[in-house]
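*Asks:* The residues making up each chain are set out below.
Protein chains: 2
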Amino acid sequence: MQRYFLDEPVTESVGTTFVVSGETVKHWVKVMRATPGEQAEFVTLTQHVLIAQLVNSDGQTATAKVDAVTTPNVELPVAVTIACGLSKGDKPEQIVQRGTELGASAFIFFDSQWAVAKWAKNKRERKLARFAKIARGAAEQSHRTMIPSVSYQADLTALRTNVAYDTGVVAWEESAKQGESSALVQTLKTVVAGQRLLAIFGPEGGLSEAEVASLTAAGIRPVGLGPRIMRAETAPLYLLSNVSFWSELV
Amino acid sequence: MQRYFLDEPVTESVGTTFVVSGETVKHWVKVMRATPGEQAEFVTLTQHVLIAQLVNSDGQTATAKVDAVTTPNVELPVAVTIACGLSKGDKPEQIVQRGTELGASAFIFFDSQWAVAKWAKNKRERKLARFAKIARGAAEQSHRTMIPSVSYQADLTALRTNVAYDTGVVAWEESAKQGESSALVQTLKTVVAGQRLLAIFGPEGGLSEAEVASLTAAGIRPVGLGPRIMRAETAPLYLLSNVSFWSELV
Numbered sequence: 004m005q006r007y008f009l010d011e012p013v014t015e016s017v018g019t020t021f022v023v024s025g026e027t028v029k030h031w032v033k034v035m036r037a038t039p040g041e042q043a044e045f046v047t048l049t050q051h052v053l054i055a056q057l058v059n060s061d062g063q064t065a066t067a068k069v070d071a072v073t074t075p076n077v078e079l080p081v082a083v084t085i086a087c088g089l090s091k092g093d094k095p096e097q098i099v100q101r102g103t104e105l106g107a108s109a110f111i112f113f114d115s116q117w118a119v120a121k122w123a124k125n126k127r128e129r130k131l132a133r134f135a136k137i138a139r140g141a142a143e144q145s146h147r148t149m150i151p152s153v154s155y156q157a158d159l160t161a162l163r164t165n166v167a168y169d170t171g172v173v174a175w176e177e178s179a180k181q182g183e184s185s186a187l188v189q190t191l192k193t194v195v196a197g198q199r200l201l202a203i204f205g206p207e208g209g210l211s212e213a214e215v216a217s218l219t220a221a222g223i224r225p226v227g228l229g230p231r232i233m234r235a236e237t238a239p240l241y242l243l244s245n246v247s248f249w250s251e252l253v
Numbered sequence: 004m005q006r007y008f009l010d011e012p013v014t015e016s017v018g019t020t021f022v023v024s025g026e027t028v029k030h031w032v033k034v035m036r037a038t039p040g041e042q043a044e045f046v047t048l049t050q051h052v053l054i055a056q057l058v059n060s061d062g063q064t065a066t067a068k069v070d071a072v073t074t075p076n077v078e079l080p081v082a083v084t085i086a087c088g089l090s091k092g093d094k095p096e097q098i099v100q101r102g103t104e105l106g107a108s109a110f111i112f113f114d115s116q117w118a119v120a121k122w123a124k125n126k127r128e129r130k131l132a133r134f135a136k137i138a139r140g141a142a143e144q145s146h147r148t149m150i151p152s153v154s155y156q157a158d159l160t161a162l163r164t165n166v167a168y169d170t171g172v173v174a175w176e177e178s179a180k181q182g183e184s185s186a187l188v189q190t191l192k193t194v195v196a197g198q199r200l201l202a203i204f205g206p207e208g209g210l211s212e213a214e215v216a217s218l219t220a221a222g223i224r225p226v227g228l229g230p231r232i233m234r235a236e237t238a239p240l241y242l243l244s245n246v247s248f249w250s251e252l253v
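Line by line, the protein sequences are chains Y and D.
When we follow this note's numbering, the leftmost residue of the first sequence carries the number 4, and every step to the right adds one.
When we follow this note's numbering, the leftmost residue of the second sequence carries the number 4, and every step to the right adds one.
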């Protein structure tokens, strides 16, 4: 069933009606050609999912009636923020789109010493708005109950200062296996459901040793992601898959 | 350091020389502008890595001298074959490129009941040759010691008959958590180093229940990949990341 996110609070009980507008009506009524009686899923601001049927639409707004209220459990038990250096081309889009499918809670892009890509100040807001739209679409497609946020931080110091987290890791090739298991596994063992994990990744050129040292000094743990070298846009997907495996499947 | 795969056997001992040609010379000497004395890495057919320096080149061939022979351990302990239904657009390329970074041993594309994409017979070889080139480039970039193979099978029956494996799984949304841990975790616990895992994924439209039933009857286990819905090109990356996590990090 088609899924949409609601932008305003609605009464979450069977039999009540609510009104949708904008892109949702455009897609549901114009693209999908829904007719009265047809159902879709609407995610509320409180992460419940309403199964609702179309009552009527004038093409600009649509009225829907709630047939059922459900509370699917589809979000990662750990809230993962993926923080990435600025990478070139469509890499940031790819990170947002696939990272959303894999359950990330937030994406932050930050400037760093060896970043080749630069985000001009006047283009930054437009970029972030585009990524937010990609996150929304991917969240709908992967049937999530929240849309990950997308934001920008000027550098690693701003990132550490402005972002709240319980545990922090930084992807670092030089981090070898320590004892029985990797630093990543050791870290995941300490994170409990409901906590916030901040995972930091360099741009294509990587982070400098000084940058990693400053993160380590702040209690953020360098973790290796296996013996193969991954592209900047693949490493976050590897980490998210592992958080899911560890917290949802094992 | 730049890495290239050798296509012919060479003497793997320090001080000996060997000759490279074709794309490797074009990239090493023309694109990277290597000069005599400069080193690169050459992966031999036996998965050793030669650190070798350029002796001389006429632009068509180049002679290199072996400075060191190494045996890096960068391949997944379990040989994973990723078999995917035919999906549209650049999805097969994405699967090959990122799946190579994540350690897959082989990729197989197969036609299935609900596949929207079709590979016309006269274009099949050209497609496979292109994907093989993508796999080679990704294997060089991610510093692997083998190039995954890429091939085609007409359907699931041909796939099961023609592909050798020790354990088989099929990604199946309907497969819920069974007892303490998921079917995927239970399966990975039974696979030991040196074995071959065949992992089957549907196209965008998924596999039919009949197709999954025929695989199950043949001993291939349906496994869920967490509670979120993933695109056809994301699911194989999730599985490969988890095989790496389980066999290389835990």
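A portion of the hints provided could be inaccurate.
Note that identical chains are pooled: a pair holds if it fits in a single copy or bridges any two copies.
Simulated crosslink set (DSBU-like; lysine-lysine; CA at most 30 Å straight-line) [unchecked claim]:
1) 91 / 33
2) 192 / 33
3) 126 / 192
4) 29 / 91
5) 130 / 192
Simulated from the structure, these hints should not be mistaken for lab results.
Given the structure is predicted, the values throughout are model-derived calculations rather than measurements.
*Asks:* Taking the earlier hints as the rules, which of them does this structure contradict?
*Replies:* When the structure is compared with the hints, numbers 2, 3, 5 turn out to be violated.
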